[in-house]
Amino acid sequence: MATFLSHETCPTIKNILLLDSEGKRVAVKYYSDEWPTNSAKLAFEKSIFSKTQKTNARTEAEITMVENNIIVYKFIQDLHFFVTGGDEENELILATVLQGFFDAVTLLLRNNVDQREALENLDMILLCLDEIVDGGIILETDSSIIAGKVATHSIDDGAPLSEQTISQALATAREHLTRSLLK
Amino acid sequence: MAQPLVKKDDDRDEEADYSPFLGIEKGAVLQDARVFNDPQLDARRCSQVITKLLYLLNQGDSFTKVEATEVFFAVTKLFQSKDNGLRRMVYLIIKDLSPSADEVIIVTSSLMKDMNSRTDMYRANAIRVLCRITDGTLLTQIERYLKQAIVDKNPVVASAALVSGIHLLQTTPEIVKRWSNEVQEAVQSRAALVQFHALALLHQIRQNDRLAVSKLVTSLTKGTVRSPLAQCLLIRYTSQVIRETGVNSQTGDRPFYDYLESCLRHKAEMVIFEAAKAITELSNVTTRELTPAITVLQLLLSSSKPVLRFAAVRTLNKVAMTHPMAVTNCNIDMESLISDQNRSIATLAITTLLKTGNESSVDRLMKQITNFMSDIADEFKIVVVEAIRSLCLKFPLKYRSLMNFLSNILREEGGFEYKKAIVDSIVILIRDIPDAKESGLLHLCEFIEDCEFTYLSTQILHFLGNEGPKTSDPSKYIRYIYNRVILENATVRASAVSTLAKFGALVDSLKPRIFILLRRCLFDNDDEVSVVRDRATLYLNSLGDGSVAETDKDVKEFLFGSLDIPLTNMETTLRNYAQNPTEEPFDIDSVPREVKSLPLVEKKAPGKKPTPLGPPPPAPTSASDAYERILSTIPEFANFGKLFKSSVPVELTEAETEYAVNVVKHIFDHHVVFQYNCTNTIPEQLLENVTVIVDASEAEEFSEVGVKPLKSLPYDTPAQTFVAFERPEGVPSVGKFSNTLRFTVKEVDTSTGEAEDDGVEDEYQLEDFEVVAADYILKVGVSNFRNAWESMDPDTERVDEYGLGPRESLVEAVNAVISLLGLQPCEGTETVPNNSRSHTCLLSGVYIGNVKVLVRLSFGMDSSKEVAMKLAVRSDDVNVSEALHEIVASG
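So the protein lines, in turn, are chains P and L. According to full-length UniProt numbering, the first sequence is numbered sequentially starting from 1. According to full-length UniProt numbering, the second sequence is numbered sequentially starting from 1.
No lab work stands behind these hints, which were simulated from the structure alone. It is possible that some hints are incorrect.
[Stated by the list, open to error] Take a look, some chain P residues computed to stay more than 12 Å from chain L by CB distance: (1) Phe-49; (2) Ile-76; (3) Asp-103; (4) Thr-106; (5) Arg-110; (6) Asn-111; (7) Val-113.
[To be verified] Listed next, the in silico SDA-like pairs over lysine to any residue satisfying Cα-Cα at most 25 Å (straight line): (8) L:Lys-267 x P:Gln-99; (9) L:Lys-305 x L:Ser-262; (10) P:Lys-29 x L:Ser-19; (11) L:Lys-852 x L:Thr-537; (12) P:Lys-24 x L:Leu-97; (13) L:Lys-95 x P:Glu-88; (14) L:Lys-305 x P:Asp-114; (15) P:Lys-29 x L:Pro-20; (16) L:Lys-553 x L:Arg-575; (17) L:Lys-394 x L:Lys-26; (18) L:Lys-26 x P:Asn-38; (19) L:Lys-305 x P:Thr-106; (20) L:Lys-852 x L:Gly-759; (21) L:Lys-708 x L:Gly-803; (22) L:Lys-113 x L:Gln-59; (23) P:Lys-29 x L:Lys-153; (24) P:Lys-46 x L:Val-296; (25) P:Lys-54 x L:Ile-382; (26) L:Lys-852 x L:Lys-476; (27) L:Lys-267 x P:Asp-114; (28) L:Lys-476 x L:Phe-380; (29) P:Lys-29 x L:Val-383; (30) P:Lys-41 x L:Glu-25; (31) L:Lys-642 x L:Lys-852; (32) P:Lys-41 x L:Leu-97; (33) P:Lys-29 x L:Ile-93; (34) L:Lys-65 x P:Thr-37; (35) P:Lys-46 x L:Leu-57; (36) P:Lys-24 x L:Lys-26; (37) L:Lys-355 x P:Asp-87; (38) P:Lys-54 x L:Val-383; (39) P:Lys-24 x L:Gln-59; (40) P:Lys-51 x L:Phe-380.
Backbone N, C-alpha and C fix where the C-beta goes; we use that ideal spot for every residue, glycine too.
Isolated chain P (complex conformation) (with noise of 0.2 Å):
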């Protein structure tokens, strides 16, 4: 039984990225040892980054294929999003978790999502992967407890959230939600 057929078993993602507007690397966490090298993984973002740039996922979350993985992504000023998983995973189940990790750091961030402030508070963002995926693994997808749980972490005065307690980050969270919705 060893070479079961991938959907049988627990959906996985193979890796999360999050690149700048130029496909430079923000910060990216790789699953899947399909990638085995830093080239290989340089080379990957490179030919997602190219197929995804001239197309418009500001709104909603957009879905490509690129060598037999899905990617859904979403980008918002000079942040690209990505989520990749294989072909026989449920596309939906990959845009929960992209969903998930974009509004988490849409929080972490207090709204101010770019480039700049993503570098400035990069131990939030590493934080923030590591909640939602283990080793491949969902670990969780709502993005207020995500958020949640990478905010108690903050370390004194000087961390963004700091001054936000975790009821306000799920005020804001709630408050981001009602606004997705009604777009």
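With chain P fixed as given, assemble chain L onto it according to the hints.
Chain L only, in chain P's frame:
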């Protein structure tokens, strides 16, 4: 971190280029990491340094072994700090540094302390980190805590333990399997994601126990499943159970179908789609079962979200391959998707429409596609071209508009793969639709007038040589061909010469003119390897004296005869021949004829399961090559002659037993060798003197002639033992063999890896297997079945009819006969269109003794599902034709 050099740029566009990591440099950051050793830790500063280290790793910078070790040791000091945020960064970097086993020991106690902390976040993260870096020996020490954590009331802690369990199951399954009680309890958790993780782990623990999976599904489909993700998992497991149980033969109902159908009304789109997809993928799904799923997918087609539209159209596209009628209801929605912003969606919509369209809609569709083609990428265009090709084969009367479309796009810009797809399509249409031949050939001729791809030019020239002479006016192609001789590179010129020769051989009236052209080719002067001149000389000499006379039959055979040997085999043999200089001429009969397509199917030992994310398996090396190499090293078998065929491995043990054994049957002219591939899955045992005792009392024609025992079989290292039998030549002897594995077993101390001196003799019962008629038949395809059939002596034909009794579908009957005969299906005739009542299947192969065999199977099904079959066989030897009938009659 101001750097004078960068400053200049800062003035230009400070905003855009600003990054806190600008000018970051590994050496400096490693220096900074010294703050981890300060007696008074500055938590914030330490966190910043860790972030920088993580940034470097994330950008693809790598640390040397020494650097990584230094950073790791410094980081372990940070466990002294009580700062939450810093601890969290420490966890992250430990995971990213992936420490070695001896380094792990340093942090184990700190992490174990955190695992028992009162802070939930510490517990959850310490579990994930420890399970990620531990190598299994540690696991027994912390197992107790993990079991507690699985049922922890904090969902984050429980999820952390469960997800870690899923990962650990790949490396140390025996330990994780002991947790099933706790996992079972967690499945009942009220926390949505805990239930999801528990369900995933429980299923993986039990996946080899069909009954347990079935029970799990039965209880959960009646109970409450809280998260959409868990619901999706349950749908997947349910499909698996459905696949394994099959349809209830009395009522025709499928168990659990109702559950899948109810999921179509779930509130989460993720679940609705998972259920719809599961229903479309049911084997032999009926229209009644499909309808509700199609309805749901149709609704998704008009969603405002691209992801939903994509998911729906992709699924419908797959359904259209097997059930085109079921999808026609969605055609209007599909047509509006042709203009979708997302070109992937548009392409999927078009190809679906091409599959479901009817004859009257073809022209309208083609018009829409023409506009669409100009603004999509090559990869999408190829998909469309392939869809158009199948459409044309379906509606041959529409060939004119489809052929026009293909020739138009052939003239436009495009890369090699795209052009190749178009040319291939035109070639197939010419071959299958006689009316399309002349116009198609002219399109191809025009294309090679201005074709930048040598490969395509030569392919077309070759094809033109075979088809052109048979047209009503062959002379009109000569101009295009001779232009190639004047204008192209050497490769193309050489194939143009061959094409000219073919015209000369077949069209007697053209012969004198062809001769003039071929003579001119003798003066081809800028050819480095003289292949053009050589070919011209060869043809001039073989085609006669250039007068209008019929060409000799042998010459035609030489020009048009196909090489019935797989080219890759030919290439390998030739390469070997060239490497070992010898006086002997090359013997074409020494080339193996078997089509190498079957990769070695190896059951992995339990616990070695590749993770779902594992890399794709290495490209299959040719199985028969590998076998031949193994067998040739065994002197006892050296005089058996050339290996005729090796079967695919047949499993002789159940999965997950102590010893895994499968057998490969090697057929020689007078002999059969059984190769037993054995794997010992018990770490505490070493097997020695392993043999298989074969009882051939139910295989009378076979007599055992030799055994090659296996000296030693250590844990998890597959090895082989062989048994050889003699059998009468030329007769496809069949029989059943019972097998017992006999060996001496020695205890092994797993800590030292040393075996005890004394062993005990033991036996292990294996399953029986049979040598069947199909083992004597090689799958060898022919490219043009009709030509091959007609070129065989009709006197060798044997025809008979057989009743196959009532069958569920024709597919079942066709597959049964194909596998019984072990022949290669040709021209895609093994696929039976859904619900069809009659079908013709073409098979070809080589029977032992190198006898070519062709088979034409015609199936018919009456209203009571009674299947009848007409079997017509032609072969080089009448006896073989009869032998094939015997196989069917006795099978």
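Evaluate the condition: distance from the CB of P:Arg-110 to the nearest CB of chain L exceeds 12 Å.
-> Answer for P:Arg-110: holds, closest chain L Cβ roughly 18 Å.
Given the hint that L:Lys-305 pairs with P:Asp-114, does the C-alpha gap stay at or below 25 Å?
-> 24 Å, holds
Taken at face value, is the distance from the CA of L:Glu-25 to the CA of P:Lys-41 at most 25 Å?
-> The hint holds at about 22 Å.
Decide if the proposed pair is consistent with the structure: P:Lys-29 and L:Ser-19, CA atoms, cutoff 25 Å inclusive.
-> 20 Å, holds
Pairwise hint evaluation, L:Phe-380 against L:Lys-476, where the allowed Cα distance is 25 Å at most = At roughly 35 Å apart (the allowed maximum being 25 Å), L:Phe-380 and L:Lys-476 break the hint.
Holds or violated: are the alpha carbons of L:Lys-267 and P:Gln-99 at most 25 Å from each other?
-> 18 Å, holds
Does the structure keep P:Lys-29 and L:Pro-20 at a Cα separation of 25 Å or less?
-> OK: P:Lys-29 and L:Pro-20 at ~20 Å, within 25 Å.
For the pair supplied as a hint, L:Lys-305 and P:Thr-106, is the alpha-carbon distance within the 25 Å limit?
-> Roughly 20 Å separates the two Cα atoms, so the pair holds.
Does L:Ile-382 lie within 25 Å of P:Lys-54 when you go C-alpha to C-alpha?
-> 21 Å, holds
Pair hint L:Lys-355 and P:Asp-87, alpha-carbon separation not exceeding 25 Å = 21 Å, holds
P:Asp-103 remote from chain L - nearest C-beta pair above 12 Å = Since the minimum Cβ distance to chain L is about 15 Å, P:Asp-103 lies beyond 12 Å and the statement holds.
Within 25 Å, alpha carbon to alpha carbon, are L:Lys-852 and L:Lys-476?
-> 38 Å, violated
The structure is inconsistent with the numbered hints 11, 13, 16, 17, 20, 21, 22, 23, 24, 26, 27, 28 and 29, although it conforms to all the rest.
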